[in-house]
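Asks: Starting from the known structure of chain C, fit chain Y onto it as the hints suggest.
Taken in sequence, the protein lines are chains C and Y. Per my numbering, the first sequence starts with residue 1, numbered consecutively. Per my numbering, the second sequence starts with residue 375, numbered consecutively.
FYI, nobody ran anything at the bench for these hints, they're computed from the structure. Note that the coordinates shown come from a computational prediction; the quantities given were computed from them, not determined experimentally. Heads up, a few of these hints could be off.
[Stated by the list, open to error] In the DSBU-like style, the derived pairs of lysine-lysine whose C-alpha atoms are separated by at most 35 Å in a straight line are: (1) Y:603 with C:204; (2) Y:587 with Y:526; (3) C:238 with Y:578; (4) Y:603 with Y:428; (5) Y:428 with Y:526; (6) Y:428 with C:252; (7) C:60 with Y:587; (8) Y:428 with C:204; (9) C:178 with Y:428; (10) C:298 with C:252; (11) Y:526 with Y:627; (12) Y:414 with Y:573; (13) Y:578 with C:60; (14) Y:394 with Y:526; (15) Y:428 with C:238; (16) Y:428 with C:60; (17) Y:428 with Y:544; (18) C:244 with Y:414; (19) Y:574 with C:60; (20) C:238 with Y:571; (21) Y:603 with Y:394; (22) C:244 with Y:428; (23) C:323 with C:258; (24) C:244 with Y:394; (25) C:238 with Y:619; (26) Y:414 with Y:392; (27) Y:392 with C:238; (28) Y:526 with Y:414; (29) Y:526 with Y:603; (30) Y:394 with C:238; (31) Y:571 with Y:619.
[Said to hold, decoys possible] Chain Y stretches covered by chain C per the calculated footprint, using a threshold of three residues with CB under 8 Å from any CB of chain C: (32) 503-516; (33) 596-603.
[Said to hold, decoys possible] In silico negatives: residues of chain Y with every beta carbon more than 12 Å from chain C: (34) 431; (35) 435; (36) 470; (37) 473; (38) 489; (39) 550; (40) 569.
For every residue, glycine included, the Cβ atom is placed at its ideal position computed from N, Cα and C.
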Amino acid sequence: MHNRVQKKDGGLIGMAEQEVTLMKGNEAIARAAVRCGVDGYFGYPITPQSEIIETLALDKPWETTGMVVLQAESEVAAINMVYGAAGAGKRAFTSSSSPGVALMQEGISYLAGAELPGVFVNVQRGGPGLGTIQPSQSDYFQATRGGGNGDYHVIVLAPASVQEMADFVDLAFTLAFKYRNPAMILSDGVIGQMMEKVVLPPYKPRRTEEEIMEECPWATSGRRNSRQPNIITSLELKPEEMEKRNVHLQAKYEEIQKNEVRYETIQCDDAEYIIVAFGSAARIAQKAIETARAQGIKVGLFRPITLWPFPAGEIAGLAHGKKGVLVAEINAGQMVQDVRLAINGEEPVEYFGRLGGIVPEPDEIVNALKTKLM
Amino acid sequence: MAQNTDNILSPENVVYRKPKLMNDVQMHYCPGCSHGVVHKLVAEVIEEMGLEEKSVGVSPVGCAVFAYRYIDIDWQEAAHGRAPAVATAIKRLWPDRLVFTYQGDGDLACIGTAESVHALNRGENITIIFINNAIYGMTGGQMAPTTLVGQKTSTCPYGRQPELHGYPLKITEMAAMLEGTCYVTRQSVETVGAVSKAKKAIRKAFEASMAGKGSSLVEIVSTCNSGWKLTPSQANKWMTENMFKFYPKGDLKDTTGEK
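This is chain C alone, in the form it adopts within the complex (with noise of 0.2 Å):
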């Protein structure tokens, strides 16, 4: 089914010796997720994410690990299903693309309020509305907004190829659980359904209850040994009370902020110009990049892994200088907010973007350069 390729050379990097495979994004959440002791998952068909249910159900973990496969009956259920079993002290997740993903917000911030680690994964299409099934980046607004209702946040991480969909699955659970908060895997369409190499990780067992006990004290498992009950909620009627819960939140963002913001930054050393771009869009922009780069253009890649937390501080340092700063997004320029107010008028800020399930061209991206930059 899956071409098995032995890895001939070091092209990947510390992965010597390991098994590489041919997958596509959406199955490599999958088979990660069962590699990672994930506990659960429930989720609901759509396009352009359904493989990651499809693998599942074929797999058949609940015969190796013990992990638990439902398909809901919605994406509503889906997420309220994840904050359950995160509410048990459980790894679980679900995944879906853009309008699944606006039906779980009611879901997101009750985890949020709740304090859960629950996790998600968004393979975004076009919208709005219905809109298409090919790849977008316009649900960038929603994921590092918060998404639902109140002040919250989620830890946002966008992978930019099939080996990040395999590796992000166990470090959203980690960063989850550090935080007990929502985190969720942002991909595409064109990330989720691409195939290209990748090297899975290692097996790990699930937590034993008594593991899951230790991590979690706080978890709803029966009150063993007497314990005081575990009560799991977001609602607290007295205002006082309800603005002391929302101000822990914020210092926990703010903690989140100060040590979880990741990023990448290829050929910067010597640019002049910045192109700053996520996921799919950062891949096309690394091409964009070898062509300028021939017409003796010295151009730079800033990749955000963290969306939110956003590397604002470090757009702005590497930004410092330079003569311009191109945001390539698939959307009709929402990132492109944050890195101005990273860079705060200091250097120009140009976007350019495609729309409605267009994937850009890297000779696109060079001539908005050329043009607005140059």
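Replies: Coordinates of chain Y only, in the frame set by chain C:
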């Protein structure tokens, strides 16, 4: 006198006591409301089954949103209507625990209809305790999915009219038709006899959940004297005369003995 009091308090004379699992806190429920009695029954059954360290309740949005304050077990508070989805995951991931939801009519039979029907139809090994008082109590007396035809509420002030508001939903009858349910029953708690039957029903449902026999739904036809704008005794009378006609009591399905 002192001797008489001692005599009254001696264990062999105790005919009633507060269940150990009921917390010593003031309840927010109105006097005359059925919730308090049903909470007590749930607490008693968990205690009698020895499951206080293995139970997880899921509370709804509605009057019972604070159920977690009153019964001394682990709880999760779910979004409006989503309790059966939340309970599904908890039970599947902690299969040896007792997992139940406690929901009102708006939560279970209106906004959460999809979650209720599908959890029941999947045969999740959970119990749903369903308080049907035919009104939205917490938000101040609006029309519920189970509001009777002709019944006045703040959003049908001239009485529920099918041509304007549709018909009351018999979700318990629907549940009895689903392959996944093993025990579906309708009870009430307005008399000593009814309380005793309701308790037996809750016990049977919890036992079925623990034995993995499928989903159980225990509807308790209940009073909301504040929402109905009646005294507690008038509310009991109104329920008996009106609710029981449309929502007849008794077991609608019981296959717990078959498996």
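Asks: If a hint holds in the structure, say so; if it does not, say that too.
Replies: Cross-check of the supplied hints:
no.: 1; hint: Y:603 with C:204; result: 59 Å, violated
no.: 2; hint: Y:587 with Y:526; result: 40 Å, violated
no.: 3; hint: C:238 with Y:578; result: 38 Å, violated
no.: 4; hint: Y:603 with Y:428; result: 39 Å, violated
no.: 5; hint: Y:428 with Y:526; result: 42 Å, violated
no.: 6; hint: Y:428 with C:252; result: 32 Å, holds
no.: 7; hint: C:60 with Y:587; result: 23 Å, holds
no.: 8; hint: Y:428 with C:204; result: 27 Å, holds
no.: 9; hint: C:178 with Y:428; result: 26 Å, holds
no.: 10; hint: C:298 with C:252; result: 39 Å, violated
no.: 11; hint: Y:526 with Y:627; result: 31 Å, holds
no.: 12; hint: Y:414 with Y:573; result: 9 Å, holds
no.: 13; hint: Y:578 with C:60; result: 33 Å, holds
no.: 14; hint: Y:394 with Y:526; result: 39 Å, violated
no.: 15; hint: Y:428 with C:238; result: 31 Å, holds
no.: 16; hint: Y:428 with C:60; result: 28 Å, holds
no.: 17; hint: Y:428 with Y:544; result: 32 Å, holds
no.: 18; hint: C:244 with Y:414; result: 33 Å, holds
no.: 19; hint: Y:574 with C:60; result: 39 Å, violated
no.: 20; hint: C:238 with Y:571; result: 38 Å, violated
no.: 21; hint: Y:603 with Y:394; result: 33 Å, holds
no.: 22; hint: C:244 with Y:428; result: 32 Å, holds
no.: 23; hint: C:323 with C:258; result: 28 Å, holds
no.: 24; hint: C:244 with Y:394; result: 32 Å, holds
no.: 25; hint: C:238 with Y:619; result: 41 Å, violated
no.: 26; hint: Y:414 with Y:392; result: 8 Å, holds
no.: 27; hint: Y:392 with C:238; result: 29 Å, holds
no.: 28; hint: Y:526 with Y:414; result: 30 Å, holds
no.: 29; hint: Y:526 with Y:603; result: 10 Å, holds
no.: 30; hint: Y:394 with C:238; result: 28 Å, holds
no.: 31; hint: Y:571 with Y:619; result: 19 Å, holds
no.: 32; hint: 503-516; result: violated (count 0)
no.: 33; hint: 596-603; result: violated (count 0)
no.: 34; hint: 431; result: 9 Å, violated
no.: 35; hint: 435; result: 9 Å, violated
no.: 36; hint: 470; result: 9 Å, violated
no.: 37; hint: 473; result: 9 Å, violated
no.: 38; hint: 489; result: 5 Å, violated
no.: 39; hint: 550; result: 19 Å, holds
no.: 40; hint: 569; result: 25 Å, holds
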